[in-house]
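Chains as they are written, first to last, in our numbering: chain A, 370 to 946; chain B, 370 to 946; chain C, 780 to 1062; chain D, 780 to 1062.
Read the hints as simulated data drawn from the structure, not as lab findings.
Hints are not guaranteed to be accurate.
Think about it this way: if two alpha-carbon atoms lie no more than 27 Å apart in a straight line, the pair counts; the simulated DSSO-like pairs of lysine-lysine are [unchecked claim]:
(1) D:K920 to C:K1053
(2) C:K1027 to A:K523
(3) B:K933 to A:K811
(4) C:K1053 to B:K718
(5) B:K757 to C:K816
(6) A:K718 to D:K920
(7) B:K942 to B:K832
(8) B:K745 to C:K1046
(9) B:K933 to B:K886
(10) A:K885 to A:K833
(11) D:K920 to A:K749
(12) A:K523 to C:K906
(13) A:K811 to A:K833
(14) A:K817 to B:K931
(15) C:K906 to B:K749
(16) A:K523 to C:K1046
(17) D:K915 to C:K918
According to the in silico footprint, chain D covers these stretches of chain A (three or more CB under 8 Å from chain D) [what the hints assert, rightly or not]:
(18) 775–781
(19) 846–860
Note that the structure is a prediction, hence the values are computed from the model and not measured.
Glycine included, every Cβ here is placed at the ideal spot set by N, Cα and C.
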Amino acid sequence: MPHTTLTLGGMAGQGLVTISDLLLKLLARAGYHLLATQDYMSRVRGGHNFIQIGIDADRIFAPQPIINILVALDSRSIDEHRHELTAGSIVLHDSDNKPPDINGVRFAGVPMNRFANKAGNPVYANAVALGAIAALLEIGMKGVDSLLNEHFGKKGEAAVEKNVAAAHAGYDHIAKYYAETTSSLPPVKQKTRMLINGAQAIGLGMMTGGLRFISAYPMSPSTSIFNYVTASAAELGILSEQAEDEIAAVNMALGASAAGVRTAVTTSGGGLDLMAEGISLAGVAETPIVIANIMRPGPATGLPTRTGQEDLNLVLNIGHGEFPRFVFAPGTAEEAFYTAIHAMNLADKYQAPVFLLGDQQLVDSYVTLDRLNITKVRIKEHLADPAKVPAPYQRYRITPNGVSPRLPYGTPGVRVMYDSHLHEEDGHITENADIVRAMVEKRFRKLKGMVKETGKPIWYGNKKPAITLACWGTSYGASREAVDALNRAGIKAGMAHFNRLAPFPSREARVLLANKKHVHTVEGNFTGQLAQLLARETGIHSGMPVTRYDGRPITARHIIDKLKEVHGNGKFKRISL
Amino acid sequence: MPHTTLTLGGMAGQGLVTISDLLLKLLARAGYHLLATQDYMSRVRGGHNFIQIGIDADRIFAPQPIINILVALDSRSIDEHRHELTAGSIVLHDSDNKPPDINGVRFAGVPMNRFANKAGNPVYANAVALGAIAALLEIGMKGVDSLLNEHFGKKGEAAVEKNVAAAHAGYDHIAKYYAETTSSLPPVKQKTRMLINGAQAIGLGMMTGGLRFISAYPMSPSTSIFNYVTASAAELGILSEQAEDEIAAVNMALGASAAGVRTAVTTSGGGLDLMAEGISLAGVAETPIVIANIMRPGPATGLPTRTGQEDLNLVLNIGHGEFPRFVFAPGTAEEAFYTAIHAMNLADKYQAPVFLLGDQQLVDSYVTLDRLNITKVRIKEHLADPAKVPAPYQRYRITPNGVSPRLPYGTPGVRVMYDSHLHEEDGHITENADIVRAMVEKRFRKLKGMVKETGKPIWYGNKKPAITLACWGTSYGASREAVDALNRAGIKAGMAHFNRLAPFPSREARVLLANKKHVHTVEGNFTGQLAQLLARETGIHSGMPVTRYDGRPITARHIIDKLKEVHGNGKFKRISL
Amino acid sequence: MGNSNAFHYEGEKAWCPGCGDFAILNAVEKALIHAGKKPEEVLTVSGIGQAAKLPHYLKSNGFNGLHGRALPPAFGAKAANHHLTVIVTSGDGDMYGEGGNHFIHAIRRNIEMTVIVHDNQVYGLTKGQASPTSDKGMKTKLQPEGVILTPFNPLAVAIALDAPFVARSFSKEIDFTADLIEQAMRYGGFALIDVLQPCVSFNKVNTYQWYQQRAYRLGPEHDPTDRAKALAKAFEWDSGIPLGVIYKNPRPGYVATVIGDTEPLLKRKVNTEKINSLLARLY
Amino acid sequence: MGNSNAFHYEGEKAWCPGCGDFAILNAVEKALIHAGKKPEEVLTVSGIGQAAKLPHYLKSNGFNGLHGRALPPAFGAKAANHHLTVIVTSGDGDMYGEGGNHFIHAIRRNIEMTVIVHDNQVYGLTKGQASPTSDKGMKTKLQPEGVILTPFNPLAVAIALDAPFVARSFSKEIDFTADLIEQAMRYGGFALIDVLQPCVSFNKVNTYQWYQQRAYRLGPEHDPTDRAKALAKAFEWDSGIPLGVIYKNPRPGYVATVIGDTEPLLKRKVNTEKINSLLARLY
Ligand SMILES: Cc1ncc(C[n+]2csc(CCOP(=O)(O)OP(=O)(O)O)c2C)c(N)n1
Ligand SMILES: Cc1ncc(C[n+]2csc(CCOP(=O)(O)OP(=O)(O)O)c2C)c(N)n1
Ligand code: SF4
Ligand code: SF4
Ligand SMILES: [Mg+2]
Ligand SMILES: [Mg+2]
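Chain A extracted, bound-state conformation:
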């Protein structure tokens, strides 16, 4: 069943983020499940940004194409979202901005700026809005009061009081003039839920997985991970370095990795391109590294602050020459957390580059969770024991499983040589054809172990479906909601979610998909990159992929609409979304 969606819209710099941060905390503490997706422009002031907050008693997996409550901080916000308003939608606006007339839509005007000025400063408009929203959602002011206390406490009592006064003014105004417009949320278990976004989840996962060194160059939408880790770096004994460019970032991390510490870099498409040669170096020099590539629509500068899934083919093939790699694309913040831990471990275990593919939607969206379980996390030490390594030490010793014992620089009595050429077992340059062949084969023997590791595709939905979706990364959420909607409407639907994309779990994919009819991949790109991968790795030639390539997140409605195009309207009639 569709949940309540509340959209906050306004200009960059108008305080959207403050309102939404407070509102989300308020609702998470009240026990609601939330999903907040952000849509912002590549500018610092002005323009139109918005945040859509889904509110429900159960977990929410994808944004909705409709709005139940629109909080419009400026009048442009009403124009921009007009097409998402339906009969019964409520628009909260500053009563000084005359709203247009829209059929069936109810308007609640609050003199936000006037109230704010009365409280002493235009910035209190945020608090007015918050109070008004609390009234519209019928959640009372107790939570708001204590949150404002907590949030503005550092700024002194006066600040708290004024914010509280402003919030109450907003609340009272709605209660007084729009009592019939308010609508209550579904009942929920009163418990405080964790509120986390994908950037925090990935950063936490990396840190839990033993990250010691991170280097990056700022680039949207990856910077939020780098910011989050940097904020806690000193406390956790991690070194964070802003590099002069992405080439430096990746090569710094490789040096640190050769010295024996766990490293990661964060970037996005264009920055990843610049890291390509360094990734290739990680391949031949067998240097562990985790590369978080947070996708935005490309090519080149593309749409810097939007979401997309265009870089799968790129990470599968980036870097010249051939070498094994892991590629993961978790579907949710929760999965991203655990995947980031695995990524750190696997990079070390296989001495190979590990990609973590996310996108703007993943890192910028807040979601509620009950908890993240770190009690079972084991950080296995994969550095070799110097006492057990055969002498003389050889960095690239040829072994049956392809993994050579790795010792850090500075190990007593040992010489450790990392090399970018084809090399002998001890790392010395070689051009000898036999050694070259043996080294290539050694490196690729790692795949036997890698393919058995975590990240197998997951099935969801009906076991004997008439329609099957296949998704990766954040297309998971919308696919899941679409599958639910289809099943609710009596159309048997199921889906396979791919987190690990390299080494591709071909056997498992075949088991899940080979005998299914009407398999459609769901992807945020134009060419259907998972569909290509399935064809290549499993021989499964899926049907027309469900794609989206305008920089916006995929919704269940988008999927259903595309399916209608392929399968005709008929049986999709009963679908409620």
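Chains B, C and D with the ligands: place on chain A using the hints.
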């Protein structure tokens, strides 16, 4: 039938190249068909380098794993090539270096250094060797004399005389002491043949195709193309610029291209990685550019002076985001010449990046040809006619075939905007979802035209084969010789050669391959990249690819050996190679 | 300016109100008009950043390329058609951070173009990280303990590389900046103008006031052809920031040296005879 | 040296006979032995080029990375284990061409390491193209009319960036070079030594003799802490090339400032309690 192979071996800096240049010219002018492959180490002096020259009355397509005549400028050369010598092989060596005893091999010692010193300088050893070779091949001294005159004429009469004297000393010594060791070459039509290597072919093709601006950063094995073009740049009105790095190289070329001239860059794997973001820019800014990527084995520094075909997946996917591109991989110097012309034209016609994939084997190998035909080459002007362009001018005008009229900077009355973001038709930044979608679709509409262009796969050999090879780039030569050998032995064999790999000629590939049994791709890599592409694009899951990944060129013998591994020894018994 | 200004773009500009970038755009327009340029003769090239949006806000030819990569395409375009007046507009991160290597080598290459760096000592577009020119101690999300790297001194490096024309301005001084731009366009070589540009959203250290208090115009007593003196001026900062032409060392530029008075590449056609003569050498 | 030299690599070296690289390797060994270092304590990092082969020819830890990218991994390794003595060996193309941006910013970052540039004013490994330091007029296959770009002056740029230790040597002067390397290792900051190194195969202009005629040792009258004088020395070239420490401006390095006297990153373990406290903040 196997042709005569003569291998020149010695240290870097010992003059191998001089001898081979002279010898090749000599034989080409005498009407022989030649194929000279170079094998050299990543060093300037010392080590072991060699050049293998195949000599025949017919065209030669691949090097041989055996040697008929070994010219050993140092004694290491004999050790290095010992395993390629067979009964009847002749070894020409300096008689001051005692050769080992090798069963059935005949040795011809000439006091090369002593003769050279007698002529006045150790450098004349090259001429001594040349004379001795002329004697061994029974081709007389007339050609040698005139060639030395031509070659050393600039250095003055004394230089010519001394070289001639040295050459005659070498010739006479063989004639006198080893008359029974010499063996004549097959009879040929006495006509002067063109002698060309792949670097010259590509460079000439680019220049014929209208190249005006080339920028590059030196990197083996691509530098020889850049050298060749630079040498004639002033004469042809071309600007050649050595950039500070590959990122600069590609971005310089894009600037020049936006200004309306035809541009190319040359590089190899690691340098290509660095160009990735620029290539992505070419994609979204729709800027024509030809990128010659000359492969060497990777990853990272890999084997800098060796050959390999590891970058197919890379060029198919390089650059973040999605955009159409051409990828060509010609099989021979002749094909490379025409493909380079097409590449220049197609980049301009479709305003898209065009890749020319070559490898060390292609660019460094000399081959004889009758002629290159430029009379039919038409350089169509693809810049728009300002008079015919609808006003206001829009650089990214949305058109049915996806191609927008392109005007150069400086066109009177017109504003030309190239942009790296998603943009409106006039090039202005946009974040509008509808425009974004329309622009992505416009760009991809180009594929409809692109797929119809030149470069369809070519069939060679038996039409109803029991064994089918599929090759791309330089694996063409060895595949062709293998197919000939198989057919000679009564095993029906055929092959499909893929020059254009993107947009992939799927329909044609299916027609050629879908109904064939035992299809094996032949590739200079470990993972079988053409095999993957065939699976993805046509659903054809070919058999075990024939691969080579030790940096050495593929030979027909190598292919047959691998086929034996798969199909058993039995029917391959009769093969003569 | 309004209608009489053919370069003026009327559309919305995505800069923050009060940003120094507006004034730089204004100065560029003024310089172009004063120099009598037509829009079709001018090409502005940029990388990515707030500063780098400028080509979109000027009605003229533009190349808005990649972050850090303004100089290479500017070189390529100028080389292909040396009749173009090429202006590069870039940020401090774009030019001295991501693009640092091109900065060095473009100075060495010395092609005739004007390079304007909007130096706000911060990464504006990506929301306030330290840039190469950020002052020590500045705190940001990525430098929570404050910047510890020694700031990049663009003027000193340019003079060390013997750049032919090195100047500094302050965005607020529109006419002064316009005049420097005009001098640079006329100069006949690689001309660098580093413009102090307050970022009102993210740089709370180097504000209008901060610059205002320190910036002063070089008087006629400064001899920009004296390299040692120029370097001394380039090193001035906290106690006073000189504006004007800091260093000058005129010499022929790339176009003058390599391309000369010939037809632009753009106009040249393939000469089949010459191709044939290359082919003939292969026999 | 022979047996008493734990750093000595006996295998073949792929350099041309007579190449200046041999002497630099010799100087590195001498400095390490004289400073009492053990091979396990030392890490040499390089990019790609002839110079960059050095780590393979020294029995010690090595990282032979990518062309132009010697400095970033050197930084990473030193940051991860600051007990290592890190030496970077690189060519003029590697360091000032492909790697120019890292050169600038590594100086700003000022981590404690010794950077030796084998400056042969040419691309040796790729057979003789112009490098950033090639003299004007030098002809190569890619510069058939001779180099026209102004040579990169590494010393002047380093001083303009206020690098803490800037020196020059000549490969032939092995003991002198060894002594500079030892000073640099002890210095406590980013220490640059640009070593003139004849390439006997490709640089026919700047030969042993050419350097010999011009190189002279700075006497005690040179005050390396005087920036203006140091710059003047850095600009000397055709008529005399000063050898020795050109510039010195001691200040705490990156390790001293950021990492301090703590355990190396390498020894630190994940603290579950702290992770839990981060998680707790999300409620
Ligand atoms: C390869 C790449 N890396 C990073 C980015 C993200 N990015 C865009 S602008 C910018 C910095 C802008 O700073 P500056 O050049 O000083 O310009 P300003 O916004 O301050 O005017 C960065 C890091 C990018 N677009 N491309
Ligand atoms: C990305 C990349 N581009 C180009 C090359 C080719 N390359 C290897 S070494 C070198 C130049 C070496 O010159 P320098 O650094 O001066 O070292 P030298 O050989 O002179 O000691 C080049 C261009 C490469 N290996 N990688
Ligand atoms: S963020 Fe700073 S530089 Fe960017 S537009 Fe705003 S004020 Fe200007
Ligand atoms: S080419 Fe030059 S730099 Fe390289 S080893 Fe030979 S002499 Fe030394
Ligand atoms: Mg800035
Ligand atoms: Mg060099």
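Verification of the hints:
no.: 1; hint: D:K920 to C:K1053; in the structure: holds, 20 Å
no.: 2; hint: C:K1027 to A:K523; in the structure: violated, 53 Å
no.: 3; hint: B:K933 to A:K811; in the structure: holds, 24 Å
no.: 4; hint: C:K1053 to B:K718; in the structure: holds, 25 Å
no.: 5; hint: B:K757 to C:K816; in the structure: holds, 26 Å
no.: 6; hint: A:K718 to D:K920; in the structure: violated, 47 Å
no.: 7; hint: B:K942 to B:K832; in the structure: holds, 23 Å
no.: 8; hint: B:K745 to C:K1046; in the structure: holds, 23 Å
no.: 9; hint: B:K933 to B:K886; in the structure: holds, 16 Å
no.: 10; hint: A:K885 to A:K833; in the structure: holds, 8 Å
no.: 11; hint: D:K920 to A:K749; in the structure: violated, 54 Å
no.: 12; hint: A:K523 to C:K906; in the structure: holds, 24 Å
no.: 13; hint: A:K811 to A:K833; in the structure: violated, 42 Å
no.: 14; hint: A:K817 to B:K931; in the structure: holds, 23 Å
no.: 15; hint: C:K906 to B:K749; in the structure: violated, 47 Å
no.: 16; hint: A:K523 to C:K1046; in the structure: violated, 68 Å
no.: 17; hint: D:K915 to C:K918; in the structure: violated, 44 Å
no.: 18; hint: 775–781; in the structure: holds (count 5)
no.: 19; hint: 846–860; in the structure: violated (count 0)
When each numbered hint is compared with the structure, violations occur for hints 2, 6, 11, 13, 15, 16, 17 and 19.
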